[in-house]
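2 protein chains.
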Amino acid sequence: MLRRSILSAAFRGRATRRPFSIVAPRGASVGKERPSDSQSKVFGFRETCFRGYNGFHGLRYQIYQDGISIAEKGPDPFSLVADELSLLANRLRSMVATEVPKLASAAEYFFKMGVEGKRFRPTVLLLMSSALNVPIRESIADGVSGGLSNELRSRQQSIAEITEMIHVASLLHDDVLDDADTRRGIGSLNFVMGNKLAVLAGNFLLARACILLASLKNTEVVSLMATAIEHLVTGEKMQMTTTSEQRRSMEYYLQKTYNKTASLVSNSCKAIAVLAGQTSEVSMLAYEYGRNLGLAYQLIDDVLDFTGTSAALGKGSLSDIRHGVVTAPILFAIEEFPQLREVVDRGFKNPADVDIALGYLGKSCGIERTRELAKEHANRAVLAIEALPASDAEDVLSTRRALIDLTHRVLTRTK
Amino acid sequence: MLRRSILSAAFRGRATRRPFSIVAPRGASVGKERPSDSQSKVFGFRETCFRGYNGFHGLRYQIYQDGISIAEKGPDPFSLVADELSLLANRLRSMVATEVPKLASAAEYFFKMGVEGKRFRPTVLLLMSSALNVPIRESIADGVSGGLSNELRSRQQSIAEITEMIHVASLLHDDVLDDADTRRGIGSLNFVMGNKLAVLAGNFLLARACILLASLKNTEVVSLMATAIEHLVTGEKMQMTTTSEQRRSMEYYLQKTYNKTASLVSNSCKAIAVLAGQTSEVSMLAYEYGRNLGLAYQLIDDVLDFTGTSAALGKGSLSDIRHGVVTAPILFAIEEFPQLREVVDRGFKNPADVDIALGYLGKSCGIERTRELAKEHANRAVLAIEALPASDAEDVLSTRRALIDLTHRVLTRTK
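Going down the list, the sequences are from chains A and B.
The opening residue of the first sequence carries number 0 in numbering that gives the first Met the number 0; numbering runs sequentially from there.
The opening residue of the second sequence carries number 0 in numbering that gives the first Met the number 0; numbering runs sequentially from there.
Check before you lean on any hint, since a few could be wrong.
The list cannot tell twin chains apart, which means a pair is met if one copy fits it or any two copies do.
To be verified - Distance condition first, Cα-Cα at most 35 Å in a straight line; then the derived DSBU-like pairs of lysine-lysine:
#, residue 1, residue 2
1, Lys314, Lys414
2, Lys195, Lys348
3, Lys362, Lys216
4, Lys348, Lys216
5, Lys414, Lys362
6, Lys216, Lys414
7, Lys314, Lys216
8, Lys195, Lys414
9, Lys348, Lys362
10, Lys314, Lys195
11, Lys195, Lys216
12, Lys348, Lys414
13, Lys314, Lys362
14, Lys348, Lys314
Simulated from the structure, these hints should not be mistaken for lab results.
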């Protein structure tokens, strides 16, 4: 019963975030996420849980497999927007470089290639801009369709830039908050340069993002990005200040994950659509893509914190659990081994408790079920793209394939 | 020559910030701030420098005296908006109280009466709202004048609220930045509760301010407040990362002071006017009032850091100079005693250097000239109010008198 109630709470949690149902294809009730339906599907998986994650089958996997098969024919999603990404990176770099050197080196720290990887968020947003490049009735009627396209693209690039600035600002401030001494294998900025500069550099990026946002002069877009900023803060707050009960709650975990990771990419995806003058239906599909991609991304992140590049437990950095942050794999494991709960409640201040938790996690289906949940979200992201208005323009089709490909890469990434 | 060049740079610095000349009454060229003109006026004062500050005479003082005589007939400016201030304080308090207790106590820390004193910024903004309550041609033509007044007032209250949130957020983050262990006699939040919570609480307030700002759906107002946020960051950056030359520059000091203190109150005053649909001329008068009041406030703050409640040097907290922050009194003293420059260049890491600097300051007119500069700005603030469109409505007149009274209180305050 406990297991059931936690799971249904988890799904209720996600359902309440989703103002628009997109996952109801072929007459199925999947998108409505009725607890009984969701539970039977997840329990269906649980009963066939293996060490690997090839035990999954059913409708959604089929959809997902279709996604992969389409995507595999397409080019590398990052290469489609490589030129624009490079321009964006240069703009961000020169923006910080025009400031005093001390601050420039501080803010540039996170803009270097290799630290932030492939600029995931700007890539998604630039691909989304092209994927939504379909005629809109009203703008054609006004005769403004063709002439505005360059200006529109430039405004959409600004959203990508604003989003990256907000993201990097949150990393800088999170480093102060977490008192982390490493982030992604490199000494964190506050460790290298002190809390003072990390706070200032983060504020500097946030302020520049606000200025650029204001210059777009679109109140709905301002509101979307302000919401994303607020969610980042709320998410951090939810992580910092939890009761024991909240730390054990899947609903709380998913809400925190939405706030900390998925809200920024989902609201910025929606902003891309809003700037293009798309209908509210299309804007919500863009939002749903971003939201589900973001959740899938974070769920896999949580798995990799335990497994690292290998499939073996304990090979990851274990930084979450060592900081007392409880993520999906452990929450699923508690359902199978209720005795793990009291270990979690002790807060992992004692390193021995980390080993005990890893022992239970290894015996459980926690890792597999987390991957499974990530796949569900990836499937929903694919469905959102497939529900976009039809187009036969090659750049629209190729960028939509690339967005679907990204959902695959999120699931299979190893770092 | 050095003295002249520093002073002219100082005035050039202010002149470039001022897009609109309001200080050119009765055919005088004062408002244009030609270096030769400004210098002669300041040198005119220097030659009659006393320990007190009753050595000042001339046109501006006359204007200012008029200001005081008008103001002294009026009621306490704070009492005019006491009910609204109390509502605003309650809204801010309940906003933080709806969050988890840990964060609520963190953010509420700065909202308690006694810490933030009399809520200076919201008072200015609510008074400005009433002071600008004059008929506007366009809105009368549209027939929207009367019906909107309640809604307008509520939107102007939101600006007061947003401004206070931004201000408190900057205090919270400045405490982390400065690693200050005390602020206004009370242990700073980061000392009491840690950097983590101070950063988070500041971000929380900034995020809420962004959400409230977005809800006003006015792109010009968003832009004004985003500019104020950016200036706060730039000002903090200017203070943290200076060359020796910058630390000795009056121009740099005034620019930093505008960014750190005057920009928020000036841009929010302008936002009050913009929301009311006022002309750009009236909006700029509101901006000029806020800018000059803010500069006067900070200049007196810099004096009080040396004198405290008494007129005697060394009775203040000396927190600026002990943190190596060089303010107007010392900059003026350097002009009289160039040998003070090398003491300043050593950065006041050695407490003996603070005593040496105080010795030079005592022999100089630094304190008096700083008060004098504050008076000049207070006069300009008065002139901005006097230049507003005529009105015979009693509430308009009484709030204008209160705004003029505030400039007096800023000059005569002892804490």
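Hints versus structure:
1. Taking the shortest alpha-carbon separations for Lys314 and Lys414, only the intra-copy value of 12 Å comes in at or below 35 Å, while the best inter-copy value is 58 Å.
2. Taking identical chains as interchangeable, the C-alpha atoms of Lys195 and Lys348 lie at most 35 Å apart whether they share a chain (27 Å) or sit on different chains (19 Å).
3. For a Cα distance limit of 35 Å, the shortest separation of Lys362 from Lys216 qualifies neither inside one copy, at 54 Å, nor across copies, at 54 Å.
4. Taking CA atoms no more than 35 Å apart as the test, Lys348 paired with Lys216 passes in neither setting, with 49 Å inside one copy and 47 Å between copies.
5. Taking identical chains as interchangeable, the C-alpha atoms of Lys414 and Lys362 lie at most 35 Å apart only when both belong to the same chain, with a minimum of 24 Å there against 65 Å between chains.
6. With identical chains, the CA atoms of Lys216 and Lys414 are never at most 35 Å apart, being 38 Å at best within one copy and 41 Å at best between copies.
7. Taking the shortest alpha-carbon separations for Lys314 and Lys216, neither the intra-copy value of 48 Å nor the inter-copy value of 50 Å comes in at or below 35 Å.
8. Taking identical chains as interchangeable, the C-alpha atoms of Lys195 and Lys414 lie at most 35 Å apart whether they share a chain (30 Å) or sit on different chains (27 Å).
9. For the identical chains of this complex, Lys348 and Lys362 are intra-copy neighbours only, at 23 Å inside a copy versus 59 Å across copies, given an alpha-carbon limit of 35 Å.
10. Taking the shortest Cα distances, Lys314 and Lys195 sit within 35 Å of each other both inside one copy (33 Å) and across copies (29 Å).
11. Taking the closest pair of Cα atoms, Lys195 and Lys216 come within 35 Å of each other both inside a single copy (32 Å) and across two copies (34 Å).
12. For the homomeric pair Lys348 and Lys414, the shortest alpha-carbon distance inside one copy (26 Å) is at most 35 Å, but the shortest distance between copies (46 Å) is not.
13. Only within a single protomer do Lys314 and Lys362 lie at most 35 Å apart by alpha-carbon distance; the minimum there is 16 Å, versus 69 Å between protomers.
14. Proximity of Lys348 to Lys314 under the C-alpha cut-off of 35 Å is restricted to the intra-copy arrangement: shortest distance 20 Å within a copy versus 48 Å between copies.
Figure legend: structure checked against the earlier numbered hints; hints not met, in rising order: 3, 4, 6, 7.
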